[in-house]
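Trainee: So the sequences go chain by chain: A and B.
1 is the number of the first residue of the first sequence in the working numbering; add one for each residue after it.
1 is the number of the first residue of the second sequence in the working numbering; add one for each residue after it.
Covered stretches of chain A (in silico footprint by chain B; criterion: 3 or more residues with CB under 8 Å from a CB of chain B, positions within the stretch not fixed):
#1 19-29
#2 45-51
#3 55-64
#4 115-124
Listed below are several chain A residues computed to face chain B (Cβ distance under 8 Å; list not exhaustive):
#5 L4
#6 A15
#7 S38
#8 T41
#9 L73
#10 V104
#11 V161
#12 V168
Hints are computed from structural coordinates only; laboratory data are not their basis.
Where a beta carbon is used, it is the ideal one built from N, C-alpha and C, also for glycine.
Single-letter residue listing:
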Amino acid sequence: MIDLLINVTLLTFLAITAVAMVRMTDLFAIIMLFGIFSLLTAGLFVVMDAADVAFTEAAVGAGISTMLMLATLALIKAHQEKKPLGRRPWLPLVVVTVTGAALVYGTTDISNFGDPLAPPHTHVAPYYIEQSMADTGVPNMVTAVLASYRGFDTLGEVAVVFTAGVAVLLLLGSRRKKNNSTVDKEDSNDS
Amino acid sequence: MEFILGHYNYWVVIFLMMVGFYTVISRGNLVKKIVGLNVFQGSVFLLYISISTIEKGTVPILKEGFEVYSNPLPHVLILTAIVVGVATTALGLALVVRIKEAYGTIEEDEIHRQDHSL
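Chain A extracted, bound-state conformation:
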């Protein structure tokens, strides 16, 4: 019961934080709110029994993402968002409301939160819960799947992160010497 209470409270806080983020125009405040958003998400993951995900989110989401955004803010030296001119300010709101309503209609079919008989708990997962110790000798099932059963997927993930890192270096690495030229958008494509 206390779990459910914490869960509902944190989710409500998340919703409030997200709305505050949309309404603010100060970029620094928005980024700090995003840090709070990530931390609340990490807390929710703990309540929902996902410890591994929680500390990844706390370290990578709340820590590194927020830091990267602050670094960007320092580089671009812009601290205020301009109010959108808005040719049709109601159009995004209509799109979002319609999409949201369709998705909420979709949730009427989904089984209740934490239902032990929900389809995700009855088909594939029991195999990993029962066999992972015998198959891999790792007590932590998340680690067993991540590094052993799906080791190649994790290798693919490393490739993605490496590609992103190389792309960031290509975009920003040659910045210093080109500071004076204004039209050099195409330069980053040539290597």
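Position chain B relative to chain A; hints supplied.
Mentor: Quick look at chain B alone, frame taken from chain A:
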């Protein structure tokens, strides 16, 4: 009441998803757009972890005396997604820095005006 409590997670997830979506399509500031994308992404993480939760379950680490564990497979998916998400965020922010240098602004409508594209 049970239906509302059982679906509250999913509704908040949808609300967050739509707030992120709204930020991306209605705001012109590129940094704010990236924050919006991250909110959207965070809501998807919450959706998966909500689905993996099981009543009276515990963290999926084997230990004597515990029988019910939450589903470890969505945890693995989301662990991967968080790390990849940060990589793509970093790439997006690098593009913002380059756009600022090339155009002198990070507001979308000003960029369009300079390009005469809108």
